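K.L.:
Here's the letter readout for the chains.
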Amino acid sequence: MTDETAKDYDAEMHEPTHFFTKYIWSQDHKVIAVQYSITAMAIGLVALVLSWLMRLQLGFPGVFDFIDQEAYYQYVTMHGMIMVIYLLTAFFLGGFGNYLIPLMVGARDMVFPYLNMLSYWVYLLAVLVLVASFFVTGGPTGAGWTLYPPQSILPGTPGYDGGIILMLVSLIIFIVAFTMGGLNYVTTILQARARGMTLMRMPLSVWGIFVATFMGLLAFPALFVSGVMLLLDRVIGTSFFMPEIVSLGEPLAYGGGSPLLFQHLFWFFGHPEVYIVALPAFGIVSDLLSVHARKAIFGYRMMVWALLAIGVLSFIVWAHHMYVSGMDPAFGYFFAVTTLIIAVPTAIKVYNWTLTLWKADIHLTIPMMFAIAFILTFVFGGLTGLFLGNVVVDVPLSDTYFVVAHFHMVMGVAPILVVFGAIYHWYPKITGRMLHEGMGKVHFWVTFLGTYAIYFPMHYLGFVGVPRRYYDYEDIEFIPDSVADLNMAITIAALVVGAAQLMFIYNLVWSLIWGKKADSNPWKANSLEWQTPDTPPKHGNWGVEMPTVYRWAYDFSVPGAAEDYMPQNMPPQPFEAHRAAHPEEGPEEDKPGEDKPEEGGT
Amino acid sequence: MVLAIILVVLVIITVVFTFVSPWWFTPLASNWGTIDDALIITFVITGIVFVAVTLFMALAIFKFHHKPGRRATFEPENKKLEWWLTGLTTVGIIAMLAPGLVVWAQYINPPAEARAFEAVGQQWSWNFRLPGQDGELGQAATRFVSGDNPLGLDPQDPLGRDDIIIEGDDMHILLDQPVIVYLRSLDVLHDFYVPQFRAKMDLVPGMVTYFWFTPIRTGEFEILCAELCGVGHSQMRGIVIVEEAAAYQLWLADQLTFAEMMAEQEGDKND
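Residue numbers (this note's numbering), protein chains in the order written: chain A, 5 to 606; chain B, 1115 to 1385.
Because the hints were derived from the structure by calculation, they are not lab data.
It should be emphasised that the depicted structure is a prediction, and the values quoted were computed from it without experimental measurement.
Among the hints, a few may not be true.
[To be verified] Here are the in silico distance ranges between beta carbons for each label pair: (1) B:1365 to A:136: 50 to 56 Å; (2) A:159 to B:1204: 30 to 36 Å; (3) B:1119 to A:496: 22 to 28 Å; (4) B:1332 to A:221: 32 to 38 Å; (5) B:1262 to A:240: 42 to 48 Å; (6) B:1192 to A:496: 43 to 49 Å.
[As the list claims (entries may be wrong)] A few chain B positions that, by computed beta-carbon distances, are all more than 12 Å from chain A: (7) 1142; (8) 1219; (9) 1227; (10) 1269; (11) 1315; (12) 1365; (13) 1368; (14) 1380.
[What the hints assert, rightly or not] Below, in silico cross-link-like pairs of lysine to any residue (SDA-like), each with a Cα-Cα straight-line distance of 25 Å or less: (15) B:1181 to A:369; (16) B:1181 to A:173; (17) B:1181 to A:115; (18) B:1177 to B:1154; (19) A:542 to A:437; (20) A:528 to B:1187; (21) B:1193 to B:1170; (22) A:528 to B:1188; (23) A:445 to A:365; (24) B:1177 to B:1162; (25) A:363 to B:1188; (26) A:363 to B:1173; (27) B:1181 to A:527.
C-beta atoms are modelled at their ideal positions from N, C-alpha and C, and glycine is treated no differently.
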């Protein structure tokens, strides 16, 4: 490059030089991604400690004096809310979405960098408001993460005075942050793809994040309005969700509202939310499997259609959370059918993951082990979802530990295993160093086997009928004593699994300084983020010349190719031209991503 | 490699645990064995899928883990296989869903001979009401609730005057007699849950919900609340006693009607 073009390039990139604008008040998607991830991990640690505390109460009831009933319900509530919203949603979309979208589609940054920066700072504000609720009179809300009224805003529930107000305000702020980020992700994917990057050549990570973000933009408004309405009910005494009530002997001024309305609004958001967390995990795990198995993801097109089908269907299954809520029971037929239909595209994804392993060249790296552990955990959690979706089977199991075990498997452990796999996978690109492998292995085995030890037997507590959200099980006649033993074992497993996460965080910091130096493409992957001129990528990602895409991201082990991988920006090779000219020499390859390259962005 | 072995071991543990662990269904005491059956069908189908998928993965890892010189096969798609798997999955789904929906139809349509009683929840206790001689429950609403009228019966409704009120005491029901339980809450959400009956339903303030069952063995069963209702949630208990006709009639004769209760309270005030 000439000095002249280099100068133009530098001027155009506006690369910040001051520490403050480079690392704090940054508009660079990679920095924002790291900010999102660190914040999510920090608040996630709070959730981890809360889960320890609640498990201590369940495993050793009465031993820890400071855990009274109020505190217990507060731990349960805040743990759930933090994990679902402030950790998982923020991590997958704010963290991975931010880092991966521009790099994977071949853009210099998000299309609205300033908005992107604001999105993070507003998210941080939401987290701070949430944390503040721990310090107000009465403490944080203990209404359960579902915040069902009337209970959530009445005396008799911990944190009904200040905690619930801050909770709702924090959620509203979070949704503002999400909307700013989400519009950005969707627009970037639709408008800023590199030349040749057609939609059907995008890595599945981008597809998963894209569909999930789109769903978030449609689903979060339902939470937003229900949050505002509940806030009004609590603060100025409207009755959106409040019927006539005699609370602890006192008649209240409310009347005419419907508690069920809140549940419908909440789950209209809440069910898609499950997939808002799951779909990015689906996408990312597809890429991890393909790269580390050195094999094209099986059934790419089917995978894309399955993502879209799940995205659409997930908006018409919400009331399967409400089979015994008192809504008209005839709805049960409809929602049971839609819920079980969604199992079909989900099953297709599982088959395609496992078939990707067949006749592959499986490198059991740490990201790969996490990906395989994800499949097992997700299959378990997905299958137990069929119990709860199958309306009448839900009746004995609803509100028991079966539900707790199911949703932790499917949307707690499974996506988090993907988060870990993804961090081990992309850490070399983000930092230029590899994570320590020994610590990584310990982290993997303890997390995978430990979480299985926690949640697998927990399903059987549900078969017994042990109800969830109970402070203790003293003198409940039908519960055998052996349940207490099992609870103790689960608690011990939870403490160990939690400790392993602290070691993981230590590894993140340790490797940053002492980790082995990584080259720019340590896993020999195809997608564009591994083809950047610098590692870690610099501001603007691509240097002077933008990448051009010639192929999909899954050209692994292509017959005739010299290497077992072909980066997306590798121009067509002589052997490919030969094959195209002589179709009679081999079976015709109907490869996705070969159609209409002109539809791609520029 | 280790991973392949561990996956197989996990499958074995999972299957063995299911058969030998002490944690299984609490013995049934109602007609809803059909729910247990639907659950078992779902269990068997999903169990087979879990075992098959996990063992397939273990086998793939065992056969195709990296060795020097190995190269993966390039097979991006296999339309035929994909459609076969989709078809098989659909069959499995229908096999679970169909029996589930049949039993759901029974669950939401109480038989004509079902006798009613009402359970009223409030933080954190249960009260009950039975229709009197007229066989009908009178109107009730939260706004009528007072110290003298804890369940909020409409004092103007003649149908309610002979209703039997069971306040702060055990509920009794007749063996083998289908009952429809009407549920009402005075404050927040609750859920009427007797594990042995399998059936459950939320209580929602502002509306009346219902479910039904037929008790098939005598005994004393604990009612739990299964919908988080505040700090006292885990202490919200009640007792329902299933008994034969003779014992039931004896108990019933002892109970006060709404009218009698009002009269008694009038008397107390006059004293």
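K.L.:
Does each hint fit the structure? Answer for all of them.
P.N.:
Verification of the supplied hints:
1. B:1365 to A:136: 50 to 56 Å: holds (54 Å)
2. A:159 to B:1204: 30 to 36 Å: violated (50 Å)
3. B:1119 to A:496: 22 to 28 Å: Holds, since residue 1119 of chain B and residue 496 of chain A (Cβ atoms, about 24 Å apart) stay within the stated range.
4. B:1332 to A:221: 32 to 38 Å: Given about 57 Å between the Cβ atoms, the range is violated.
5. B:1262 to A:240: 42 to 48 Å: violated (33 Å)
6. B:1192 to A:496: 43 to 49 Å: holds (45 Å)
7. 1142: violated (10 Å)
8. 1219: violated (8 Å)
9. 1227: Check passes; 20 Å lies beyond 12 Å.
10. 1269: At about 16 Å from chain A, residue 1269 of chain B clears the 12 Å cut-off, so the statement holds.
11. 1315: violated (5 Å)
12. 1365: holds (21 Å)
13. 1368: holds (25 Å)
14. 1380: The assertion about residue 1380 of chain B holds, with a minimum of 22 Å to chain A.
15. B:1181 to A:369: holds (13 Å)
16. B:1181 to A:173: violated (55 Å)
17. B:1181 to A:115: The hint is violated at about 44 Å.
18. B:1177 to B:1154: violated (34 Å)
19. A:542 to A:437: Holds - the C-alpha atoms of residue 437 of chain A and residue 542 of chain A are around 15 Å apart, at most 25 Å.
20. A:528 to B:1187: holds (17 Å)
21. B:1193 to B:1170: Measuring from Cα to Cα gives roughly 20 Å; hence the hint holds.
22. A:528 to B:1188: Distance of about 17 Å is within 25 Å: holds.
23. A:445 to A:365: Satisfied, since the Cα-Cα distance of roughly 20 Å is no more than 25 Å.
24. B:1177 to B:1162: Cα-Cα ~22 Å, so holds.
25. A:363 to B:1188: holds (9 Å)
26. A:363 to B:1173: holds (11 Å)
27. B:1181 to A:527: holds (16 Å)
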